[in-house]
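Chains as they are written, first to last, in this note's numbering: chain A, 2 to 552; chain B, 7 to 824.
Keep in mind the hints are simulated off the structure, nothing from the lab.
Think of the CB as a built atom: it goes at the ideal place given N, C-alpha and C, for glycine as much as any other residue.
Please note that the accuracy of each hint is not assured.
To be verified - Here are the simulated distance ranges between beta carbons: (1) GLU123(A) to GLN791(B): 54 to 60 Å; (2) GLY113(B) to SER417(A): 53 to 59 Å; (3) GLU507(A) to GLY113(B): 37 to 43 Å; (4) PRO361(A) to ALA171(B): 17 to 23 Å; (5) ASP214(A) to ASN44(B): 54 to 60 Å; (6) LYS528(A) to ASN44(B): 48 to 54 Å; (7) LEU287(B) to ALA474(A): 55 to 61 Å; (8) GLU410(A) to PRO170(B): 26 to 32 Å.
What the hints assert, rightly or not - Cross-link-like lysine-lysine pairs, in silico, DSS-like; alpha carbons within 30 Å at most: (9) LYS264(B) to LYS196(B); (10) LYS514(A) to LYS585(B); (11) LYS529(A) to LYS529(B); (12) LYS377(B) to LYS645(B); (13) LYS520(A) to LYS529(B); (14) LYS143(A) to LYS645(B); (15) LYS127(B) to LYS403(A); (16) LYS529(B) to LYS527(A); (17) LYS645(B) to LYS82(A); (18) LYS516(A) to LYS585(B); (19) LYS450(A) to LYS377(B); (20) LYS127(B) to LYS177(B).
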Amino acid sequence: MKFWQLSTQVLSVLLAAVTVSAGGPANGEATADPNSAVVKLTANEYKQFIESNPYVLAEFFAPWCGYCKMLGPEFSKAADKLNESHPDIKLAQIDCTEEEELCTENGIRGYPTLKVFNGSPEKIEDYSGPRNADGIVDYMIKQSMPPVSVPESASAFEKALDSQTEPFIVQVLPAEYDGAKDKLKQNETFSDIAATERKTLNFFSISEQDQVDVLKSKFPNAKLKKISAPKYFIAHPGAFADAAELTAKFSKENLQEFIKTEVIPYFGDINRDTYMLYMSSPLPLAYYFYNSTEQRKEMEALFNKLGKKHRGKINFVGLDANMFGRHAESLNMDPSVVPLFVIQNTKINKKYGIDQKAHPSGPSGKAIESHVNDFLKGKLEPTIKSEPLPTDEEKASQSVLKLVAHNHEDVLKDTSKDVFVKYYAPWCGHCKRLAPIWEELGEIFESNKTDASVVIAKVDHTLNDVTTPFDIAGYPTLLLYPANGEIDEATGLRKPVVYELSRDLENLIDFVKEKGGLKVDGHELKKKLDEKKPSEDKKEEAKEKENHDEL
Amino acid sequence: MLFGITYLLLYVFQVVFAEIRTENYVKGGSAFTPSHINHIKNQTRQLFKHAWSSYMEYGFPFDEVRPRSCEPYGPDYNDVFNIVRNDAMGNISSTLLDNLDTLIIFGEWEELEKALTYLRKEKNRIFDKDTIVQVFETTIRALGGLLSSHVLLTDLFSQKREIPAKFTKLKQICDNYDGFLLEMAHDLGKRLVVAFDTKSNLPIPRVNLATGWKKIPSQLKKETCTSGATSPILEFSLLSRLTGDPQFEHLIQLTFSKLWTSRSALNLLPMTIDPKKNLWLDSITGIGASVDSFYEYAAKHSIIFNDDYMWNVFSSSYKSLLSHSAQGGGNTDYELIFSNINVNDGLIATSWIDSLGAFFPGLQVLTGQVKDAMKTHATYLKLWDYFDSIPERWEFITVGKVSDYEDNQYKSILLEWYPLRPEFIESTYYLYRATRDPMYLQIGSRILELLSTKYKAKCGFNGIQDIRSGEFQNRMETFVMGETLKYLYLLFDVDNDEFLHGDLMSEKGWVFSTEAHPMWFNKRLLPDESTRSKYSSLSGKKKYTGTEGTHHSSPVTGTGYGLPKNKKYDNFFTKNHFKARFSQCETTARQPESSGLLASSFYKSDNLFHFDHKFSKHLVRPHYLPQTHLDGSYIELSKPFFDIYGLAAPQKGHHHFQSSRPPSTASYDIILGNVSEMDGAEISELYSTHNSHPITNLHLNKTITSGDLWVPDLSSLRFKVEKLTHGNIDTTNSLIDESYIASMTQRGISNCCRINEDELLRILKVNGVPLSPGAVIWTRTFSIQCPKDGSSPALDITDDGRLVIYGTIVENMLVLPL
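All chains, full assembly: derive it from the sequences and hints.
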């Protein structure tokens, strides 16, 4: 491996050719520190600068842009580091508020836009690496090297393997291989892929026997005895024993597929660096939320095993709940019970979690294993976002039936009753205004009694994912499912009648009478209730009095 | 008498609160995991304890405690004209009265009991003070505090529900409560209501608690603001309903109706009234100081008392504000600023907005206008990012030369103080409840950090006297505990552990008053006969029979035209935009992220920093603050937060976080016809019953698609347009080139044959309703009379059906053929 090197003399000449603006400290500013090695480019020197430097990372930015402010200090740091180690790699900035034309010519539509130039304004590639100093440095160093590294010696190869921090692929091209033409072609394909894929993994190619021996010693499980055709291995740092070999017939597509699958570790962690890797995979993603490194360690072996076993079917990741714990919510899990395990089928966006109530201190390895097996067999019910089911006591004490995602369908499937449901959000003023009226409506129909023919119900739509035959497009939405009503095919529920009048008690009662299947007259019920009430209150008072007397 | 010295000796509370350890603060922590939330919630509680114990030790029984000097603070008896100080001071232990319900919310039962014991003792004396108070401030702080606490203690546990163990003590307090706070409220109400005893039915702004109208210099009786005259509607109505004494509600209803009837043709109320002369004193309105709680209480009154009239007051006002006052708020705009306008023509009247307007997003959420709320709030968020506070008055329109702003970096800070006002955190609370976007927690966490450090004083919390220099105030107004800390605490109640967010309250239909007192009313709270007669005998004033019948019919909402009768349109329907908008709340149920990771919606938009660009001359960090934006002070750029909640938020088509180019097109308003009839103008959404879109246009191949608007009548409209000219970036981040303009100007031939070939107009909003990029406004055809002198008529149609305004083609407005 050989890095480019330019003398510092050349560097100083280049610097002299561009304007370096003086200014104060630039902590948190989009514009790079003027004392850093970042080169400020204007239209005048732009072309010459790009042409006289083999590798330029150019940032097109605007000083007011917050993302540019975040990048600014990192960009300066990266420039300084590269200036020390790889002075042929230049980092430059173009302020698009000053160089409008130049930015338009380059098709810049947003800030920051980062582009990599290879010695000519025409040789451009979008920069797709990280935005921190170390990430920029690594990315640019890679960019400056040949896509495939061909180690000079066995010891150089060994050293390289030991220093890997990312997954890598090794092509073994046997020297004694007679299909020379194929060999050449395969090597070409390998290089082509390397040119685009080297952002995700490193590429090595070896052919000398002593290098193969090094590989043999490093990859204890790899079959490297009699090599009659080129071989390909992908390995992750620290997990050489699990190095995977390309078993499919060699083709560009198969090799790409092999990379896509194997570049994902059996059990990795999700963070800013790995996020895209997992998201671009179509496979279901299994999350293990942990609170401490001990918890993670405890499960590591299991997950490595499962990851290996279910390679190509599920990806397994760890998630540090101290950082990302709140994300449990969007997986329909309770963030306060960690460790937790949940599999997300990203294609249909369904989640399958291990019941947290049954495993308050986290699922056991055994539970996880059987959960994974059941998932693969399609035996699991998805975990839905739902409030807990109301207890019988709760139900009896409230005049409005509380529906949650778990019982919404069950209640609505009883077609013998008129069910009038309020889909609401607690923060919404219209819903607040309706709340006491809705409660009164429930009292009138005595809907908490098991023999009630009209059920007045409510669903907090912000906490429960429910399927409805009518789209809930605003709060509150009032749907009356009439008894013995026509069934909506898509949902299997009755076709509801939508309430759209002013939401006062009179109108609501009329609506139930007119549109309900049972034509129950709430006005009559209300009259009875009003008559009954005062006397009942008196009775209770009398009772209380009695009690007091007893005392 | 200087202060009530006797009281000081009479009763001193023991202060037992522990010292707060500020080093507990996890700087920059942004995970908001259950344990983290618990931690910051607890920290907020500690801040409250610090403020409360400071008041009890050094301020009580006076109105306030001075946080820097640890002295009591009350009215300025030497200078009655010192209204900044005196208006909210009555020598009535204001901090205590304003925070009874705060004690309940923070679960400080022991302190609550002590406070109740004290008040019970003082109830007949406490308001008998020879001090001049402002009716509005005293109503919302003291009267509201008493009413809210009364309702809480009376009705909190009234339904048969299981009572969680942590409320055993509170239940006991409730059981022992005999309603004496309502007696106090009635006493105070009687002292305040005399302000409404005028020929005009318009209240004077101040009364003397002991002597009513007497002993008030005439200068202090002259001007009443609209908020002050209308806001007591919530507290006064509740007081009447709870006691059965109708005078309060009766009088405020008269005032309210009278003012609403005298609204401008645009359905707007100015800010200042002369109650004696029965006159409006100005013709300006907005959403900030002097008129803010008028809108708020119209909406809240309609919620608590199920009142359609009041809802119409709110919705007509809001509609008018959208049409005239709203700057920005279009589909591609980051911000929405409600500027002050002239009530008669709707034109901008001032160059600034004020700090109090930051409450508006909370009201927008409550009334269901969530998207608007996010954009309105976003404006104030930027101010907080730059100033660690919100200037009392901030200029957003460049007045004078740009160089003036370079010479004076603080030129845009027109009023320089920030007394720890709650409005911004209040709105943040509402928005978090509605959207659950973690950014709102990050905002809370930053405010908590500032309260724990910079704004914390030895005896409470001190705001800023001068944002330009960083000088502190030596004052802690009652709302610091009663609102700022209360909203912050409730913001952090992510998992609904507090009773306000739980089952106990879910059916009560409660809302916060403008001073953050929870209020509601139901039939259980109706007075029985004995209560009714007790209070009516106490009333001692004119007898009012009731308040029914003061409401007039609701404002007209136009009947509208249907689509032209034509088979082609059989599948299309129109839906009145405003009718839908004001009858339901927008849904905000979080769409589950396909990534499985939460993401802040802030990072999904590509215009997050357009505000910084647009107002760069008006947003300069004061010199004494750190100049970096990366230390957490600029909230959206807080690194720990970004790393967690920015992770899964790639913008459309990008993986990386990028800001789009801000538009360079000029934009302005075009008013067609008579603005005063805008309320009746039909703006409807078009929708189809089928998913297929039949082709309906002439030569243009344009089809009606959902998102399009139907605006049949081209009179009484206010358009926000952008002018598309060659070389400019438009609001959708596209570079406009000549060929695009030519593609429209060269094809269309207008009736009067004078087409401006260099530019197009694009409508961004019509009567405040934003148009999505690509959407079209359809209108009815109309007859054109070409001016004889060959000039362009105001309105014209090209032969391919496009609208032309003064010779310029409108890109997105078409005539629907018959």
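Tested hints:
Distance hint check for GLU123(A) and GLN791(B): the Cβ-Cβ separation is about 58 Å, which falls inside the suggested range of 54 to 60 Å. In this structure the supplied range 53 to 59 Å is violated for GLY113(B) paired with SER417(A), their Cβ-Cβ distance being about 46 Å. In this structure, GLU507(A) and GLY113(B) meet the distance hint of 37 to 43 Å, their C-beta atoms being roughly 41 Å apart. PRO361(A) and ALA171(B) have their C-beta atoms about 20 Å apart, which keeps the hinted 17 to 23 Å range intact.
At roughly 58 Å, the beta-carbon separation of ASP214(A) and ASN44(B) lies within the given 54 to 60 Å, and the hint holds. Range check, LYS528(A) to ASN44(B): about 51 Å between beta-carbon atoms, so the 48 to 54 Å window is met. Look at LEU287(B) against ALA474(A): about 44 Å separates their beta carbons, and that is not inside 55 to 61 Å. At roughly 30 Å, the beta carbons of GLU410(A) and PRO170(B) sit within the given window of 26 to 32 Å.
With a C-alpha separation of about 22 Å, the suggested pair LYS264(B) and LYS196(B) falls inside the 30 Å cut-off, and the hint holds. Only pairs whose Cα atoms come within 30 Å are accepted, and LYS514(A) paired with LYS585(B) is accepted, the gap being roughly 26 Å. For the given pair, LYS529(A) sits about 18 Å from LYS529(B) by alpha-carbon distance, which is consistent with the 30 Å threshold. At most 30 Å may separate the alpha-carbon atoms for a hinted pair to count; LYS377(B) and LYS645(B) meet this at roughly 26 Å.
Only pairs whose Cα atoms come within 30 Å are accepted, and LYS520(A) paired with LYS529(B) is accepted, the gap being roughly 28 Å. The hinted pair formed by LYS143(A) and LYS645(B) meets the criterion: a straight-line CA distance of about 27 Å does not exceed 30 Å. At roughly 44 Å between alpha-carbon atoms, LYS127(B) and LYS403(A) are farther apart than 30 Å, so this suggested pair is violated. The hinted pair formed by LYS529(B) and LYS527(A) meets the criterion: a straight-line CA distance of about 15 Å does not exceed 30 Å.
For the hint linking LYS645(B) to LYS82(A), the alpha-carbon distance of about 22 Å falls within 30 Å, and the restraint holds. For the given pair, LYS516(A) sits about 23 Å from LYS585(B) by alpha-carbon distance, which is consistent with the 30 Å threshold. Simply put, LYS450(A) and LYS377(B) have alpha-carbon atoms about 41 Å apart, too far for the 30 Å limit, and the pair is violated. With a CA separation close to 22 Å, the supplied pair LYS127(B) and LYS177(B) stays within the 30 Å bound.
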